[in-house]
Amino acid sequence: GQQLNQSPQSMFIQEGEDVSMNCTSSSIFNTWLWYKQDPGEGPVLLIALYKAGELTSNGRLTAQFGITRKDSFLNISASIPSDVGIYFCAGQYGAGSYQLTFGKGTKLSVIP
Amino acid sequence: GAGVSQSPSNKVTEKGKDVELRCDPISGHTALYWYRQSLGQGLEFLIYFQGNSAPDKSGLPSDRFSAERTGGSVSTLTIQRTQQEDSAVYLCASSFLTSNQPQHFGDGTRLSIL
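First to last, the protein sequences are chains G and U. Per the working numbering, the very first residue in the first sequence carries number 1; after that it's consecutive. Per the working numbering, the very first residue in the second sequence carries number 1; after that it's consecutive.
What you were told as hints is all true, and nothing was included just to trick you.
DSSO-like, lysine-lysine: derived pairs with alpha carbons at most 27 angstroms apart:
#, chain 1, residue 1, chain 2, residue 2
1, U, Lys57, G, Lys104
2, G, Lys70, G, Lys51
3, U, Lys11, G, Lys104
Derived from the structure by calculation, the hints contain no laboratory data.
Generate the whole structure from the sequences, applying the supplied hints.
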């Protein structure tokens, strides 16, 4: 089946630093999504990408949908303590197959 | 409510018992999904309901797992004869049934099998 490889698995950064994480897939996806999950809560959607090559920003977050449709990255600029959490990438094939395939997550820790 | 609502938030039960988990999707969302998240892992797809069509059950791990969605709204995930490996957080998501509509998640039910 489809698998998503997400890296890094965990990161420790200083407040104010920029962060980059990425996902690669063995299969093509038509939609890439990035979610953030805080302890005891469900994932919250950060950015959705629908077209190959698309670059989308949401405040300090920027994500790109790779040209090959097999990868995506998420950048966080000028990190702050509330950025702490687990970030998941997810791919969706669409066209009648709407379930999401998730990466295993990147755990981000921000040192004040 | 405004978001996806799941109940109970926590459930502890003995091995071999049956459990029912409930999901109330966002009003107007016709697609509903169940996922399972084991400790330290990503989310694993279980089952997908779309409108009045037959559900996609391809992710259910065994015949002990089943789900219903009555009236196109509330869904119940049932696990029969629970095993310790069923311990996980069970998450529900909903979306509009058109392309390019992202899924919105509830906070999940944390299931612990003793």
